[in-house]
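Taken in order, these protein sequences are the chains called R and P. The first sequence begins at 26 in my numbering and counts up by one. The second sequence begins at 874 in my numbering and counts up by one.
FYI, nobody ran anything at the bench for these hints, they're computed from the structure. Idealized CB from N, CA, C, for every residue including glycine. A couple of the hints might just be wrong.
To be verified - Stretches of chain R that chain P covers, calculated by requiring three or more beta carbons in the stretch to come under 8 angstroms of a beta carbon on chain P:
1. 86 to 100
2. 122 to 136
Said to hold, decoys possible - Across the chosen pairs, the derived CB separations fall in these ranges:
3. P:L956 to R:R83: 37 to 43 angstroms
4. P:G935 to R:E40: 44 to 50 angstroms
5. P:F933 to R:S32: 25 to 31 angstroms
6. P:S924 to R:W65: 42 to 48 angstroms
7. R:P136 to P:P912: 24 to 30 angstroms
8. P:L956 to R:G117: 30 to 36 angstroms
9. R:Q128 to P:T893: 28 to 34 angstroms
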Amino acid sequence: GIQVEQSPPDLILQEGANSTLRCNFSDSVNNLQWFHQNPWGQLINLFYIPSGTKQNGRLSATTVATERYSLLYISSSQTTDSGVYFCAVEPGYNQGGKLIFGQGTELSVKP
Amino acid sequence: KAGVTQTPRYLIKTRGQQVTLSCSPISGHRSVSWYQQTPGQGLQFLFEYFSETQRNKGNFPGRFSGRQFSNSRSEMNVSTLELGDSALYLCASGTGGASGEKLFFGSGTQLSVL
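Start from the sequences, fold in the hints, and give me the full structure.
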């Protein structure tokens with residue numbers, strides 16, 4: 026099956042710093058989503074981005090489907106950005122609701 | 874619009890017991906999928922329901938089952954609990970397209986098996 030690899034596994038930043046999180050996937054996918062898991066366990070959907078670039082405030086994401094990777098950019102990080110970031114892919118058509126998750130990047134932003 | 878609601882938030886059970894978890898999707902959403910999150914295996918897909926029918930299934934034993942009601946609410950059942958079933962169980966809500974849709978997750982049910 027499809028493998029999803031995220032890097033780095035852990036990241037410690039000082040408040041105000043920028044960061045780039047990477048997601049590689051081993052095969053063609055139908056869509057890709059980025060999530061942030063908050064300290065209470067809830068997964069917050071940040072981006073639905075099968076291809077191209079999207080921006081939402083200090084966060085932006087780029088997916089290059091032909092090269093099988095996606096990047097999540099966090100600028101001017103804040104302590105509230107701390108948590109685990111996951112990318113997840115839908116492995117094929119007619120797999121709605123089924124996502125394959127990477128192992129996550131645990132981000133800690135220090136004041 | 875209310876988000877995805879999962880109940881209960883916490884559960885403690887002993888080995889051999891069974892448990893039922895509940896998920897109410899976002900109003901108007903017709904798809905509910907379930908995921909198990911553990912420190913060792915990460916987030917893994919259990920199954921997905923759409924219009925009261927299981928549409929996709931992950932690689933979990935038959936002790937894990939689910940169903941969906943006509944109002945799109947879903948329940949997940951685990952029978953004969955094992956210690957390894959201790960996990961955060963998350964459900965996700967979607968409009969129900971065959972593919973390519975954004976999913977919204979609830980806060981999960983934390984199950985501890987003693």
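Going through the hints against the structure:
1. Residues of the region 86 to 100 of chain R lying with their CB closer than 8 angstroms to a CB of chain P number 0, which falls below the three-residue condition for coverage.
2. By the rule of at least three residues with a Cβ nearer than 8 angstroms to a Cβ of chain P, the coverage given for the region 122 to 136 of chain R holds, with 8 such residues.
3. A hinted range of 37 to 43 angstroms holds for the C-beta pair L956 (chain P) and R83 (chain R), which are about 41 angstroms apart.
4. The hinted range of 44 to 50 angstroms is satisfied by G935 (chain P) and E40 (chain R), whose Cβ atoms lie roughly 49 angstroms apart.
5. Range check, F933 (chain P) to S32 (chain R): about 28 angstroms between beta-carbon atoms, so the 25 to 31 angstroms window is met.
6. Taken as a hint, the range 42 to 48 angstroms is violated for the pair S924 (chain P) and W65 (chain R), whose Cβ atoms sit roughly 31 angstroms apart.
7. The supplied range of 24 to 30 angstroms is met by P136 (chain R) and P912 (chain P), whose beta-carbon atoms lie about 27 angstroms from each other.
8. Range check, L956 (chain P) to G117 (chain R): about 34 angstroms between beta-carbon atoms, so the 30 to 36 angstroms window is met.
9. At roughly 29 angstroms, the beta-carbon separation of Q128 (chain R) and T893 (chain P) lies within the given 28 to 34 angstroms, and the hint holds.
Checked against the numbered hints above, the structure breaks hints 1, 6 and satisfies the rest.
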